[in-house]
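Fit the two chains together into the complex; they arrive one by one in their own frames, and the hints show the way.
Here the protein sequences come in this chain order: A and B.
Heads up: the first sequence is residues 10 to 160, going by my numbering.
Heads up: the second sequence is residues -14 to 159, going by my numbering.
Just so you know, the hints here were simulated from the structure itself, not pulled from any lab data.
Beta carbons are placed, not taken as given, at the ideal position from N, Cα and C, and that holds for glycine.
Please note: incorrect hints may appear among the correct ones.
Claimed, not checked - On the chain B side, residues computed to face chain A include the following (Cβ under 8 angstroms):
#1 R134
#2 E138
#3 D141
#4 D142
#5 A145
#6 V148
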Amino acid sequence: MTAPESVADTERPAGIITRGLAAIVDLLVVLVIMSALYGGLVLVRLVYSPAAFSLPSLNVVFSTVVTFVVAVVYLAGCWAVSGSTAGAVMMGLRVVGRRSQRVSLVVGLLRAIGCVLFPIGLLWVVIDPRRRSLQDIVFRTRVIYSRPLAA
Amino acid sequence: MVGTDVDLLKHPVVSAAVGTAAVAVGAAGAAYRVAEKVAVFGPLMRRSVAGLSEQGDRWLTQSADQIKALVAAVAVGLVDLVLDEMDLNALVRERVDIDALAADIDIDAIINRIDLITLADKVIDGVDLPAIIRESTNSMTAEVMTDVRTQGERADDVVAGIVSRMLGRDRESR
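Here chain B stands alone, though its shape is the one from the complex (with noise of 0.2 angstroms):
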């Protein structure tokens, strides 16, 4: 796009053109309103413009849903060109506040409407939780009582120890 930065209806050209259109309608219309007054010629042009009007709006109801139609068509597929165009997420992202948006969202609502009881239910049963806690159970379970027999082992040893040397026990005669 060339000079998108220039004020396209402050534009010498554009003002040019609309100050000759204007004038040209202007003269047009003086000039109609002369020939009207021409004593053969303005009624046969009278009737001549009434039948163009008339035809006009003949053919503007008649076609005017097809010309909708076609407008639509041209308007969805331009629409459409655009959008294939346009990375939507990008520009979202870039020109959205998406922060501020979901500061606003009330969350609250949302959450009354969800069905809270049977979500977790959903998620209970979904975790085997019997499962994880007979697992997590049984492996501490199985840690105390080894570790219960390793201290015992271990004060055996001591009892044994202190035993042989109140005897004067030989340490290899055991």
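In isolation and in its complexed conformation, chain A is listed as follows (with noise of 0.2 angstroms):
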């Protein structure tokens, strides 16, 4: 198990409060996301037929599953990558396999659809006594501390 240069992992498993943040953190930044595709869509609306113009109202539907979709590849992306969403860079936490170092992009897409349709899985890092989520437990997964080095 060799960590990365530039971070310094722990062996610790990752508590309810940074996870519970980090969480809120990566919700955001999907929602950014989500703004940022809108906005382009009205413009390409804009550009195609400008006199006809209104704002688009969006199929529910639709915009479920597109958020849906977002989520998902923004989390396996990250997770898959370098371990870490936005929100786990800014609370120092990093997912990792239960003996690897880096989850799989299969486990990551699953992990993330677990969490993105059962977001209450999370609270139950505060009564497992390894602080693992139910995503964790499914997915044999951890989530620990890891801080990015000092320069």
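In structure tokens, the structure reads:
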């Protein structure tokens, strides 16, 4: 187990406060991405039919699906690439496999789907003696404290 | 220097010398006037005196420039010598009220003559301001982030401790 040079991993699992705050930050990031997508859509419509322009009112199902996809791709991508989403970087957390240092893309995707569909599973961290969420138990992952090393 | 505190002009020796000289000049003038009136000797002497003064005039006009140059050279050498002997800085410090001079300086006029904007540009060019701002912002952000992470970790532990106590969990089993 060799940690990346820029971060100092601990073996301590992270608790509910840091993980909850990280989740909130990630939720904000997803919302920002969605706003950007909506803004892009508005601009495209403005370009193609400037005369008959009105703010698009979107189908609820469509919006939900897009939000779901964006959230899952964002979370899975971050976990598979670095182990940390934006919120996790802020709070100094990292998602790792039970033995490996990195979550595979498939596990990441499945865990992301689980997290988005059932966010309440995070609360299990409070009760679990090893501070695992339900998703962690199912997909055999851990969330540990991981500080970027001072330059 | 001896006797600098004695007023030279009022010294009896000087007075006596000046008196003697005055008497001598007066006597010489009187003697000359008398000699002039002597029949044969008078015109002869007058002529020779006129020739003498004419020669003196000529000599003076011819060599006046040379004398001037000589005097100037001597004076310059003398002043140089004197200046070499004196510590002018100490002299100025002792004799000149520099504070009063400085108070009289019109600083506004000097500042008006300086192109302050160009000067400021030059100073700013010399200081790598963006690097300083970047550095301080970076270290500040890093500090805040470290603080947030540490506080979060501590809060995690507090929550875990409370839950453990509520559930009656043994601390060692964790």
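Right, here's what the structure says about each hint:
1. Using the Cβ-Cβ criterion of 8 angstroms, the hint placing B:R134 at the interface with chain A is satisfied: the shortest such distance is roughly 4 angstroms.
2. Taking 8 angstroms as the C-beta contact cut-off toward chain A, the hint placing B:E138 at the interface holds, the least distance being around 6 angstroms.
3. Using the Cβ-Cβ criterion of 8 angstroms, the hint placing B:D141 at the interface with chain A is satisfied: the shortest such distance is roughly 3 angstroms.
4. A least Cβ separation of about 7 angstroms between B:D142 and chain A falls short of the 8 angstroms threshold, and the interface hint therefore holds.
5. Hint on B:A145 holds. Least Cβ distance to chain A is approximately 5 angstroms, under the 8 angstroms limit.
6. Using the Cβ-Cβ criterion of 8 angstroms, the hint placing B:V148 at the interface with chain A is satisfied: the shortest such distance is roughly 5 angstroms.
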